[in-house]
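Chemist: For reference, the chains in residue letters:
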Amino acid sequence: MTSHIEHGINTIEFGHPQSNSMPGKLLEHLAKEIHHAGTHEETKVIILKSAGDKAFCSGASFDELASINTTHEGTHFFSGFAHVINAMRHCPKFIIGRIQGKCVGGGVGLASAVDYAIATNKAEIKLSELAIGIGPFVVGPAVERKIGTAAFSALAIDATTWRSTDWARRKGLFAEVHDSVEGMDESIYRLANTLSHSSPEAMAAMKKIFWRGTEHWDELLKERAAISGKLVTSEFTKQAIAKFKAKS
Amino acid sequence: MTSHIEHGINTIEFGHPQSNSMPGKLLEHLAKEIHHAGTHEETKVIILKSAGDKAFCSGASFDELASINTTHEGTHFFSGFAHVINAMRHCPKFIIGRIQGKCVGGGVGLASAVDYAIATNKAEIKLSELAIGIGPFVVGPAVERKIGTAAFSALAIDATTWRSTDWARRKGLFAEVHDSVEGMDESIYRLANTLSHSSPEAMAAMKKIFWRGTEHWDELLKERAAISGKLVTSEFTKQAIAKFKAKS
Amino acid sequence: MTSHIEHGINTIEFGHPQSNSMPGKLLEHLAKEIHHAGTHEETKVIILKSAGDKAFCSGASFDELASINTTHEGTHFFSGFAHVINAMRHCPKFIIGRIQGKCVGGGVGLASAVDYAIATNKAEIKLSELAIGIGPFVVGPAVERKIGTAAFSALAIDATTWRSTDWARRKGLFAEVHDSVEGMDESIYRLANTLSHSSPEAMAAMKKIFWRGTEHWDELLKERAAISGKLVTSEFTKQAIAKFKAKS
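So the protein lines, in turn, are chains A, B and C. Terminal number for the first sequence in the numbering used here: 315, no gaps in between. Terminal number for the second sequence in the numbering used here: 315, no gaps in between. Terminal number for the third sequence in the numbering used here: 315, no gaps in between.
Calculated directly from the structure, the hints in this document are not laboratory data. Any given hint could turn out to be false.
Listed below are the simulated DSS-like cross-link pairs for lysine-lysine, each with C-alpha atoms no more than 27 Å apart in a straight line [unchecked claim]:
| # | chain 1 | residue 1 | chain 2 | residue 2 |
| --- | --- | --- | --- | --- |
| 1 | A | Lys99 | A | Lys116 |
| 2 | A | Lys297 | B | Lys275 |
| 3 | A | Lys121 | A | Lys92 |
| 4 | B | Lys312 | B | Lys121 |
| 5 | B | Lys305 | C | Lys275 |
| 6 | B | Lys275 | A | Lys289 |
| 7 | C | Lys99 | C | Lys275 |
| 8 | C | Lys275 | B | Lys289 |
| 9 | A | Lys275 | C | Lys297 |
| 10 | A | Lys275 | C | Lys99 |
| 11 | B | Lys314 | A | Lys305 |
| 12 | B | Lys314 | B | Lys92 |
| 13 | C | Lys275 | B | Lys297 |
| 14 | C | Lys305 | A | Lys305 |
Covered by chain A, per the in silico footprint, the following chain B stretches (three or more residues, Cβ under 8 Å) [claimed, not checked]:
| # | segment |
| --- | --- |
| 15 | 205–215 |
| 16 | 260–269 |
| 17 | 272–278 |
As the structure is a prediction and not an experimental result, all values here were calculated from the model. Think of the CB as a built atom: it goes at the ideal place given N, C-alpha and C, for glycine as much as any other residue.
Kindly produce the complete structure, drawing on both the sequences and the hints.
Modeler: What follows is the structure, encoded as structure tokens:
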């Protein structure tokens, strides 16, 4: 996790050697960093990016999922995603997402919870939760808010099929898709630069109306974490994760 | 109406010689069959299909509409669609829709209420209710949930224009569109087979969150049936149906 | 402002020499005209159009924005858009929008609040409010209802980029886009003519269900006008408007 600020633009970068998958510790740090950027006076706009030029984020860490033995531990782990999404939602500043590659599971949730996602055409997406006996319960509200009920259901039910970047753009997950990393970065810079010179009062008021109707998510996402937390301890999930780990 | 189950996949087929239009009796049987499949332990996933290789469903039976003389009879008839949609909504298992051809009126409602619709490129759609002096009141909530307010309004206002399968796919009504019946059936088999081996607990929990916010539909769709039930007894509707029947 | 009725089709036309921008007086007249058409017995369907062959509507009048000195005055001015949108929403008749050209700011709001928008491929759109230190607060609910949260946010955040007519059609703002003014007018005539012969009872009931869930907008849009009314008096906005006026 690094974060640096320049000319009012706060760039937060997370990373993990396993395709930017998220263990609990990383989720915790990310939520804190976003919360901090939201209250930091010099910060006018935030860019959320991840390390490397492959996956943007491959979701929950399989190592950590495999180590969960009780519903309590499971709920605690999935609450990590809830905290990050709620931090993004509460943050009074716009968050631009830099989506350089694939998004899986919780990674689709992070890409959904930014205010403006700019991607490359390598950014295919998949909600693969059902394949390991759980479901996109915690990230669901953020994904559904962005792409609608129909696209969210389809994505979650057909858990083994990659959806193209073009699909994600048409459904509204990505505001822009670029053919190259350079094109993406140029557009991110243009927008971040403009926003860093825009009225902070107007942007804070806009952020609030964009997220109107989600005031209950502090509670809702906790409830959702409990659903995932229970399912993840099932025999079905244990075996599915063991198989995936054996393959990779 | 037939229904058979194989390897956890419960295939429900309805049919009617007049382009798979729906008289009240057929709607009643369909609602019961779906309810039954939802409680049937061997059933892991449901495929909803219709007979023949032409229309998927052409909506309300014109013969039956023409025979309605009172608001009470009208409300009773339209409640048939309400019961089917509510049965699909309450069913704790995913329903895959096999949409081989045109959908009209209530047929668009059935296609909307499945959890994952797979169609061929022959599946054009039309909400033709207004052309006979009624409106898509009962199926409206299901259609709007799937394709959004804008597309639903446009479809219902321009009641005489067919919308292409591609339009329906882009708006989210169909999750997939295939160039051939074989392609459609292959994809349905692939998905149904995968789901029949997926965690029933996870799927039941997902079904619930997909339909979150529709808990009032038991009441709402009844109220909607009463609106259609009243309009269908108007002189406008009587004459429009007579004209349509004379043409065909 | 002119309005004429022929064969049940009530055509309301507004206009302003500066790219059909809207001063408070014009908004007031437009709201009254729409209200009148809604209660006028001969009127079966309404066409909303604007003068000329260039912009459909370029939003709030910059001259009037520049003259606002107090939050009270600002709130009063933005309430003008609230009244027009609420008049369209309450109107029991379908409103077809004739969108011949560009829509900016409040103009996107008007295009969103019609029930069925038919445009030409010249009708690019932009929500430019943030560029002058305010935001699309009053028109926001109407735009979001039509194109969804994701598209609305993207449009409002990237306040300086024109979105193409094709983008607007795909997002649901325009039900149809035509290559020529003739094509647009032909389609408008076809639909208006059909609706003028459709059941007024059915259409009034449909209008009601299309706008279900917006019953609180009388209050909501007033609150939104107060947000814009306060922001517009800021030093940021004063300077931004002065710059824009100097350029043009």
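Chemist: Hint by hint, say whether it matches the structure.
Modeler: We went through each hint and held it up to the structure:
Note on Lys99/A and Lys116/A: the hinted pairing holds, with a Cα-Cα distance of about 15 Å set against a maximum of 27 Å. The suggested pairing of Lys297/A with Lys275/B holds, with an alpha-carbon distance near 16 Å, which does not exceed 27 Å. Between Lys121/A and Lys92/A the CA atoms are separated by roughly 22 Å; this keeps the pair inside 27 Å, and the hint holds. Between Lys312/B and Lys121/B, the direct Cα distance comes to roughly 20 Å. Compliance with the 27 Å bound is thereby established for this hinted pair.
In summary, the hint linking Lys305/B to Lys275/C is supported, as the alpha carbons are separated by about 23 Å, within the 27 Å threshold. With a CA separation close to 16 Å, the supplied pair Lys275/B and Lys289/A stays within the 27 Å bound. Pair hint Lys99/C plus Lys275/C holds up; C-alpha atoms about 20 Å apart against a cutoff of 27 Å. The hinted pair formed by Lys275/C and Lys289/B meets the criterion: a straight-line CA distance of about 16 Å does not exceed 27 Å.
Taking the CA atoms of Lys275/A and Lys297/C, the gap is near 16 Å; set against the 27 Å cutoff, the hint holds. A distance of roughly 32 Å separates the Cα atoms of Lys275/A and Lys99/C; the hinted pair therefore is violated under the 27 Å criterion. For the hint pairing Lys314/B with Lys305/A, the CA-to-CA distance comes to about 62 Å; that exceeds 27 Å, so the pair is violated. For a cut-off of 27 Å, the pair hint linking Lys314/B to Lys92/B stands: about 25 Å separates their Cα positions.
Under the criterion of a C-alpha separation no larger than 27 Å, the hint pairing Lys275/C with Lys297/B is consistent with the structure, at around 16 Å. A threshold of 27 Å between alpha carbons decides the hint, and for Lys305/C with Lys305/A the separation of about 62 Å lies outside it, so the pair is violated. Interface restraint, the segment 205–215 of chain B with chain A: holds (4 residues with C-beta to C-beta distance below 8 Å; minimum three). Given a C-beta distance limit of less than 8 Å, the hint that chain A covers the segment 260–269 of chain B holds, as 6 residues qualify and 3 suffice.
Interface restraint, the segment 272–278 of chain B with chain A: holds (4 residues with C-beta to C-beta distance below 8 Å; minimum three).
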